[in-house]
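Protein chains: 2
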Amino acid sequence: MKKLAIGIDIGGINTAFGMVDEQGDLYAESVISTRKYPHVEDYPVYVEDLCRALRTMAHSLSFEYELVGIGIGAPNANYHRGTIETPANLWKFRDEEHSRDEARRIFPLAEDISRCFGGVKTLITNDANAATIGEMVYGNAKGMRDFIMITLGTGLGSGFVANGEMIYGHDGFAGEFGHVIVERNGRECGCGRKGCLEAYVSATGIKRTAFELMSTMSAPSKLREIPFADFDSSMISAAAAEGDPIARECFRRTGEMLGRALADAVTVTSPEAIFLFGGLAKAGELIFEPTKRYMEENMMFTYKNKVKVLPSGIQGKNAAILGASALIWQAR
Amino acid sequence: MKKLAIGIDIGGINTAFGMVDEQGDLYAESVISTRKYPHVEDYPVYVEDLCRALRTMAHSLSFEYELVGIGIGAPNANYHRGTIETPANLWKFRDEEHSRDEARRIFPLAEDISRCFGGVKTLITNDANAATIGEMVYGNAKGMRDFIMITLGTGLGSGFVANGEMIYGHDGFAGEFGHVIVERNGRECGCGRKGCLEAYVSATGIKRTAFELMSTMSAPSKLREIPFADFDSSMISAAAAEGDPIARECFRRTGEMLGRALADAVTVTSPEAIFLFGGLAKAGELIFEPTKRYMEENMMFTYKNKVKVLPSGIQGKNAAILGASALIWQAR
Numbered sequence: 000m001k002k003l004a005i006g007i008d009i010g011g012i013n014t015a016f017g018m019v020d021e022q023g024d025l026y027a028e029s030v031i032s033t034r035k036y037p038h039v040e041d042y043p044v045y046v047e048d049l050c051r052a053l054r055t056m057a058h059s060l061s062f063e064y065e066l067v068g069i070g071i072g073a074p075n076a077n078y079h080r081g082t083i084e085t086p087a088n089l090w091k092f093r094d095e096e097h098s099r100d101e102a103r104r105i106f107p108l109a110e111d112i113s114r115c116f117g118g119v120k121t122l123i124t125n126d127a128n129a130a131t132i133g134e135m136v137y138g139n140a141k142g143m144r145d146f147i148m149i150t151l152g153t154g155l156g157s158g159f160v161a162n163g164e165m166i167y168g169h170d171g172f173a174g175e176f177g178h179v180i181v182e183r184n185g186r187e188c189g190c191g192r193k194g195c196l197e198a199y200v201s202a203t204g205i206k207r208t209a210f211e212l213m214s215t216m217s218a219p220s221k222l223r224e225i226p227f228a229d230f231d232s233s234m235i236s237a238a239a240a241e242g243d244p245i246a247r248e249c250f251r252r253t254g255e256m257l258g259r260a261l262a263d264a265v266t267v268t269s270p271e272a273i274f275l276f277g278g279l280a281k282a283g284e285l286i287f288e289p290t291k292r293y294m295e296e297n298m299m300f301t302y303k304n305k306v307k308v309l310p311s312g313i314q315g316k317n318a319a320i321l322g323a324s325a326l327i328w329q330a331r
Numbered sequence: 000m001k002k003l004a005i006g007i008d009i010g011g012i013n014t015a016f017g018m019v020d021e022q023g024d025l026y027a028e029s030v031i032s033t034r035k036y037p038h039v040e041d042y043p044v045y046v047e048d049l050c051r052a053l054r055t056m057a058h059s060l061s062f063e064y065e066l067v068g069i070g071i072g073a074p075n076a077n078y079h080r081g082t083i084e085t086p087a088n089l090w091k092f093r094d095e096e097h098s099r100d101e102a103r104r105i106f107p108l109a110e111d112i113s114r115c116f117g118g119v120k121t122l123i124t125n126d127a128n129a130a131t132i133g134e135m136v137y138g139n140a141k142g143m144r145d146f147i148m149i150t151l152g153t154g155l156g157s158g159f160v161a162n163g164e165m166i167y168g169h170d171g172f173a174g175e176f177g178h179v180i181v182e183r184n185g186r187e188c189g190c191g192r193k194g195c196l197e198a199y200v201s202a203t204g205i206k207r208t209a210f211e212l213m214s215t216m217s218a219p220s221k222l223r224e225i226p227f228a229d230f231d232s233s234m235i236s237a238a239a240a241e242g243d244p245i246a247r248e249c250f251r252r253t254g255e256m257l258g259r260a261l262a263d264a265v266t267v268t269s270p271e272a273i274f275l276f277g278g279l280a281k282a283g284e285l286i287f288e289p290t291k292r293y294m295e296e297n298m299m300f301t302y303k304n305k306v307k308v309l310p311s312g313i314q315g316k317n318a319a320i321l322g323a324s325a326l327i328w329q330a331r
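In the order they appear, the protein sequences are chains S and X.
Position one of the first sequence corresponds to residue 0 (numbering that gives the first Met the number 0), numbered consecutively onward.
Position one of the second sequence corresponds to residue 0 (numbering that gives the first Met the number 0), numbered consecutively onward.
If you are wondering where the hints come from, they were derived from the structure by calculation, not from laboratory data.
Predicted model only: the values in this text are computed from it and were never measured.
Be a bit skeptical, because a hint or two may be false.
To be verified - 30 Å max Cα-Cα, derived DSSO-like pairs, lysine-lysine:
(1) S:Lys193 - X:Lys305
(2) X:Lys316 - S:Lys303
(3) X:Lys303 - X:Lys316
(4) S:Lys193 - X:Lys141
(5) S:Lys281 - S:Lys193
(6) S:Lys91 - X:Lys303
(7) S:Lys206 - S:Lys221
(8) S:Lys35 - S:Lys120
(9) X:Lys307 - X:Lys206
(10) S:Lys291 - X:Lys193
(11) X:Lys193 - S:Lys303
(12) X:Lys303 - S:Lys193
(13) X:Lys193 - X:Lys291
(14) S:Lys316 - S:Lys1
(15) S:Lys305 - X:Lys193
(16) S:Lys305 - X:Lys120
(17) X:Lys307 - X:Lys120
(18) X:Lys193 - S:Lys193
(19) S:Lys120 - S:Lys91
(20) X:Lys305 - S:Lys91
(21) X:Lys307 - X:Lys291
(22) X:Lys291 - X:Lys303
(23) S:Lys1 - S:Lys35
(24) X:Lys91 - S:Lys305
(25) X:Lys291 - S:Lys193
(26) X:Lys91 - X:Lys316
(27) X:Lys35 - X:Lys141
(28) S:Lys141 - S:Lys35
(29) X:Lys120 - S:Lys120
(30) X:Lys35 - X:Lys120
(31) X:Lys316 - S:Lys307
All chains, full assembly: derive it from the sequences and hints.
Below is the structure:
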């Protein structure tokens, strides 16, 4: 009988899910809103509605199969405990009053979802770790025992694999490489500190770089016509492709920051390859070329010309669902 | 029958070795010179003399035992290949002429030593990794699955353990945390780059800091009476203990650099504890207090007040032999 896993990707806006086999083929998919359940007290309703939608999907298949497990990718997920812990953008308190009572915002989602399916194995990790395991199971990291995944979305996520295993860390929260400090007293970061890598290298980071460069460079640029509020990082790729000097400098700087940081990361785990995934990575050579160049320029001699920088092998809109489902195949 | 492992610690000056049981008790020890064999062509003679000395030690025991293996800690050791590769201070070329022919300086030491003992299991890794495994087998990291070891000697070595396993990396050279860049265009480092952590945090690093501070501060200090060539980092500890303002500032700065770097390291592996080992760590609170303070000050909220900074549990002059022998117990 065909074996299938459910993959669930929980974002701030939507929760997408699908049924995937061990080869990464998708047999069904669906989505519910996450945003419709914004408060702490909405969480049980969210779980109920998600379970109903999952069951509907599961019953929609016209062939017999065995459900081997459910993998979930979500922000602030703790792999060891199966929980989502004090997420910045999910199930918040209605008022400021309770905001110190954060212990109430530890959500045992793995257990709650498992219960809907008679206790089937359910694993949860953060979205970057899910993407990492997706790369290992279905993507370009197949057979690799040591690699690093960098996910370039609104922020910068990361996953580290050593000795063939995901590094979850003592507390289940390892792999926050977006929050190494790359510029002492640098740009303000969402985490409350200053100078984190993701304040420079991410969709938000490159946008901030564009606005910095519009202030420091005098070259003409199409980007100067777009107000900050309407600005999207894809506009920088489009302008760079047309040779816009500020847009090109944006990518050079972004690659420089990322390349330097990766040279440091390599000293810790000495990986075979580093994968770049997500929106910014789609800019291709615009981001890969400076990243590789500055990484090698800053690399300790021991590691020079050994570490590949590669695009993710998992593309398309279902990448996050695939990554989440891979948690199950990886754990078998 | 008692089971014993041989531990060998290869330094630039001496090679020390001993026979150790699984509890870390030492039953015999001895030493030969390393410095007596400085050139590439001396390597076979070194192996022969080392084997003879190891056999003499092995025969000196007055009880029956089983030799389960030999563990070696050495600079530039490749765990996967069992080799020492192009070490900076061992078995060099006699003249500059061959210095480009570095492929000839890959020494298959694990195999060569194993052969002396009828092919017994022989493992090799760098000295910091050996200290890390020693901590896991005999020391304060017993039972820990995720921790970081920082060895503070002439340089700064490191070992990362995740999921209960040493991270050797794809090429066998992982764990060079002394060579993350902490100051762009900073102090020259022995690795040929600038601003590496070990140029600030190590016996050599704190000495350099003392001389920098003697130039930037005007406070009186006993340290001003000692010429650079005669200066030893232990003089800074002694002066700091007496309240010398420059010596105390040396430790604050060193702890600041180390603490910041550790806050970054934590984002990668999220360890339960970080151990400090070696000369500088013996300065106790002088180094631990600022290291912890700046680590917490720079830590991402996710990891705040979770990570212990602890002294190594393996003390004394035989620490390196114990660490090397632990490779064998760890691999069983």
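Hint check results:
1. S:Lys193 - X:Lys305: Holds, at roughly 21 Å.
2. X:Lys316 - S:Lys303: violated (35 Å)
3. X:Lys303 - X:Lys316: Distance of about 35 Å is beyond 30 Å: violated.
4. S:Lys193 - X:Lys141: Violated, at about 36 Å.
5. S:Lys281 - S:Lys193: holds (27 Å)
6. S:Lys91 - X:Lys303: holds (22 Å)
7. S:Lys206 - S:Lys221: holds (14 Å)
8. S:Lys35 - S:Lys120: Distance ~27 Å between S:Lys35 and S:Lys120 Cα, so the pair holds.
9. X:Lys307 - X:Lys206: Given that 30 Å is the threshold and the Cα spacing comes to 27 Å, the pair holds.
10. S:Lys291 - X:Lys193: holds (19 Å)
11. X:Lys193 - S:Lys303: The hint holds at about 16 Å.
12. X:Lys303 - S:Lys193: holds (16 Å)
13. X:Lys193 - X:Lys291: holds (25 Å)
14. S:Lys316 - S:Lys1: holds (24 Å)
15. S:Lys305 - X:Lys193: Holds. S:Lys305 to X:Lys193 sits at ~21 Å (cutoff 30 Å).
16. S:Lys305 - X:Lys120: holds (29 Å)
17. X:Lys307 - X:Lys120: The given pair, whose Cα atoms are some 35 Å apart, is violated under the 30 Å limit.
18. X:Lys193 - S:Lys193: holds (23 Å)
19. S:Lys120 - S:Lys91: Satisfied, since the Cα-Cα distance of roughly 28 Å is no more than 30 Å.
20. X:Lys305 - S:Lys91: holds (24 Å)
21. X:Lys307 - X:Lys291: The given pair, whose Cα atoms are some 8 Å apart, holds under the 30 Å limit.
22. X:Lys291 - X:Lys303: Measuring from Cα to Cα gives roughly 11 Å; hence the hint holds.
23. S:Lys1 - S:Lys35: violated (34 Å)
24. X:Lys91 - S:Lys305: holds (24 Å)
25. X:Lys291 - S:Lys193: holds (19 Å)
26. X:Lys91 - X:Lys316: holds (27 Å)
27. X:Lys35 - X:Lys141: violated (37 Å)
28. S:Lys141 - S:Lys35: violated (37 Å)
29. X:Lys120 - S:Lys120: violated (40 Å)
30. X:Lys35 - X:Lys120: This hinted pair holds, its Cα atoms lying about 27 Å apart.
31. X:Lys316 - S:Lys307: violated (41 Å)
Consistency note: the structure conflicts with the earlier hints numbered 2, 3, 4, 17, 23, 27, 28, 29 and 31.
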